[in-house]
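**Q** Listed here are the chains, written in short residue letters.
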Amino acid sequence: MSIRNKAYIAGAYEHPTRHAIDKSTAQLHAEVAKGALEDAGLTKDDVDAYYCAGDAPGLGGLSMVEYMGLQVQHIDTTETGGSSYVAHIGHAAAAIAAGKCNVALITLAGRPKAEGMATGTKPRNWGGDAPDNSFEFPYGSTVTNNYAMAAMRHMHEFGTTSEQLAWIKVAASHHAQHNERAAIRKVLTVEDVVNSPMIADPLHRMDCCVITDGGGALVIVSPEIAKKLERKCVRILGHGEAPKTRIGGQIDLTYTGAKWSGPKAFEEAKVTPADIDYASIYDSFTITVLETLEDLGFCEKGQGGKFVADGNLISGVGKLPFNTDGGGLCNNHPANRGGMTKVLEAVRQLRGEAHPMVQVANCKLAVAHGTGGSLGTRMGSATVILERDDA
Amino acid sequence: MSQLGPHNSAPESNVEIQPFWDATAEGKLLLKKCNGCGKIHYYPRTICPFCFSDDTVWVEASGKGTIYSYSVIRRVEVPYVMAYVTLEEGPTMMTNIIDCDMDSVRIDMPVTVSFVDTGEGNALPMFTPAT
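Here the protein sequences line up with chains A and B, keeping their order. Mind the numbering: the first sequence is residues 30 to 420 in my numbering, read in order. Mind the numbering: the second sequence is residues 8 to 138 in my numbering, read in order.
Just so you know, these hints were derived from the structure itself, not from any lab. Using N, Cα and C, we set each Cβ at its ideal position, and we do this for glycine too. Heads up, some of the hints might be wrong.
Some chain A residues judged to face chain B by a derived CB distance under 10 Å, without partners named [said to hold, decoys possible]:
no., residue
1, Gly156
2, Pro160
3, Phe166
4, Gly169
5, Asn175
6, Ala177
7, Met227
8, Pro231
9, Arg234
Below are the BS3-like pairs computed for lysine-lysine, each with C-alpha atoms no more than 30 Å apart in a straight line [stated by the list, open to error]:
no., chain 1, residue 1, chain 2, residue 2
10, B, Lys46, A, Lys330
11, A, Lys261, A, Lys393
12, B, Lys46, A, Lys288
13, A, Lys299, A, Lys393
14, A, Lys35, A, Lys257
15, A, Lys393, A, Lys63
With the hints as extra help, turn the sequences into a complete structure.
**A** Next comes the structure, spelled out in structure tokens:
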């Protein structure tokens, strides 16, 4: 069984806030749910399945179903960090294909900025029950230094440079200048990035994503419902997901789970990376994008540095326009989880509703990729292939 | 003897890993070896993550290894070196590199274990450049 053509994205909504001091987390979830349902032309009572991840407060799915007053027959709270929402799309499509539900709502929301969270630089204590915690937290392990160690190893093995990584941020900033809600709208140069303060060698401050509040939501529907809606829907062609870990202490920081999730998604979609018009690539850090592009097959392993350089990711300039909303690097990384916003911009591109300055001409086929956890070590990877519906 | 930095803390132990942390007080780095498949893994588990055998035993590591990757954490009050060290026995472990010129740390550099007392009855296995 395949999910190809079995489900559609009918509603998509990104919360306009980037700093939600005046809103609760549950409220943000409900606001994005309302936004996505209105976008689809559906109501709360049409929803028969609900998806959320670790950012949902309280008892997660149960708390949110009660808070929003949903009556669902299917619920999935798969938690793979920032990749969760991309995985949810595949799960929702499979559930719809299996007849378990017809209208699936996926929400993400959080307020790390309002809470003053030092997302990348403060060691996070997952508690003694987490089997890895005692062997990592005592050393001052943070998000940034884990991604930094991946970048350091990639540089060591393949000669990747800080300037090449910087091009990824530069491309994101070229797009973000047109997004009035983007957290960073200044157009950056390679020099701006490599001259910004070193956070954790070899990652500079501008190799990192923004910390923002907010969220987003998606509504996934069956083909029968998609047909009835006036709103332009986006067809789901393929999905793949693959956690990657250091099994027993065997480590390779130079590749990600995208090495497995990408081929699965492309195979199901019956397309190849060469067919892709637009790519939303998870961008918690510049190195996240570089390794993912290699693993998805946009270039050979180790050639990511050359691939991203010289504006190759800038819409209208390079061969692979990416993250045209400015991505997590410049626009929005709500709840420290960028999977949702990756899908939202892919949907805008396929609907022809991206900002005119970044809209990809005749955009038919897009990939959206989510990453969770720590790059190359204990991580989630999820890929979806989406197609414009010309019907 | 080196002391814990502001980024360090004593480990939260549990019954499964208590022998590992008890051994650190005696300056021993223990690993788990599987009698089923013969492989050594890290961090230690009761059931082997390679073959799922429950016949695993503690073995003492030589304390020698090489740096697989590292990062100097700069934007904190007291900068420190995070690293993955690949042990002579095979597995790679997260650790800190200490008692060194931080700017001289390199991938593939040989290192040896050095235990830093947590003040709570155990010590964190860290590494220093081999002399």
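**Q** Are the hints correct? Go through all of them and say.
**A** Hint by hint, here is what the structure shows:
| no. | hint | result |
| --- | --- | --- |
| 1 | Gly156 | holds, 7 Å |
| 2 | Pro160 | holds, 7 Å |
| 3 | Phe166 | holds, 7 Å |
| 4 | Gly169 | holds, 3 Å |
| 5 | Asn175 | holds, 8 Å |
| 6 | Ala177 | holds, 4 Å |
| 7 | Met227 | holds, 5 Å |
| 8 | Pro231 | holds, 8 Å |
| 9 | Arg234 | holds, 8 Å |
| 10 | Lys46(B) x Lys330(A) | holds, 29 Å |
| 11 | Lys261(A) x Lys393(A) | holds, 13 Å |
| 12 | Lys46(B) x Lys288(A) | holds, 26 Å |
| 13 | Lys299(A) x Lys393(A) | holds, 14 Å |
| 14 | Lys35(A) x Lys257(A) | holds, 15 Å |
| 15 | Lys393(A) x Lys63(A) | holds, 27 Å |
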